[in-house]
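Work out the full structure, taking the sequences as your base and the hints as a guide.
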Amino acid sequence: MWIYEKKLEYPVRVDTCDPALAALILEQFGGPDGELSAGIRYLSQRWTMPTDQAKGILTDIGTEELAHWEIIGTLVWRLVKDAPIDKIKGTPFAAHFANHGRSPFPHDAAGVPWTAAFINSKDDPVTDLTEDMAAEQKARTTYEHLIKLSDDPGVIDTLRFLREREVVHFQRFGETLRIVEDFQNTKKFY
Amino acid sequence: MHNEQLAILKELMEVGFCTIEMALFLDTHPSDERGVGLHNSYAARYKELSETYNMKYGPLTSNDLSKCPWEFINGPWPWEIEYINCCI
Ligand SMILES: [Fe+2]
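Sequences listed follow chains U and C, in order. If you use my numbering, the first sequence corresponds to residues 1 to 190, in order. If you use my numbering, the second sequence corresponds to residues 1001 to 1088, in order.
Calculated from the structure, these hints are not laboratory results. Remember, it's a predicted structure, so these values are computed and weren't measured experimentally. Cβ atoms here follow ideal geometry from the backbone N, Cα and C, with glycine treated the same way. Check the hints yourself; a few may be wrong.
To be verified - Here are some chain U residues pointing at chain C (derived, C-beta under 10 Å):
| # | residue |
| --- | --- |
| 1 | ILE3 |
| 2 | GLY56 |
| 3 | TRP77 |
Rendered as structure tokens:
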């Protein structure tokens, strides 16, 4: 089960009011390589993992991704919460505002809604962990794109933290893949 | 949020992050004795800090102790806190 802790994983700082940037950051709230995809992907894959290390890492990284999803929602909210309607009109955030107002909603930067079709769970641990490693690299690339697109020093600071976490997760999934392959190889000789 | 409360909360966030990072490392290196030792020292500090926070400022989770009225719902919620007001 899960229990909510009343804290963020990272002290989010936002220095400006920037609805256009908020629209871009939504990529990681509901896009294919965003935090929601990551969390649901890893947590869905746990049942068919053959080793305890793999069950553990998917549980812990999947849980951390949900904390990242909360961080992204906080960035989006802080970027728009004080925006007068005139600062929203004519920006890419206006299309989001038409449906959702200032509430974060899981779609990508272009407005495509989140779908489970972004992820997979194949009942094959090597396939799943290989997908997970690719997912971490895709998320890292997306964060690098977002950092280039951002002019807000506070937002950049938080995006850098999230980018760094993708690097760590990639490393851990790589170690898990090796553990699972070793396990499968030893099983063949029984 | 007052400075003293924010200072404890930020230290809690810091130590909490260290336990997350150690947990991920230990998931794939479960026999690393130094890692387990480090994790346990962060976990002990986290317990200490969260007990202090809970006593002074109320629950961080819904299974912490609360005075009446129920304090878990008291703001600011995590996404509303201005973390930079703090002097640490
Ligand atoms: Fe990740």
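Quick rundown of the hints versus the structure:
Interface restraint check: U/ILE3 against chain C, minimum CB-CB distance 5 Å, threshold 10 Å, status holds. Hint on U/GLY56 holds. Least Cβ distance to chain C is approximately 4 Å, under the 10 Å limit. Hint status for U/TRP77: holds, given a least beta-carbon distance of 6 Å to chain C, under 10 Å.
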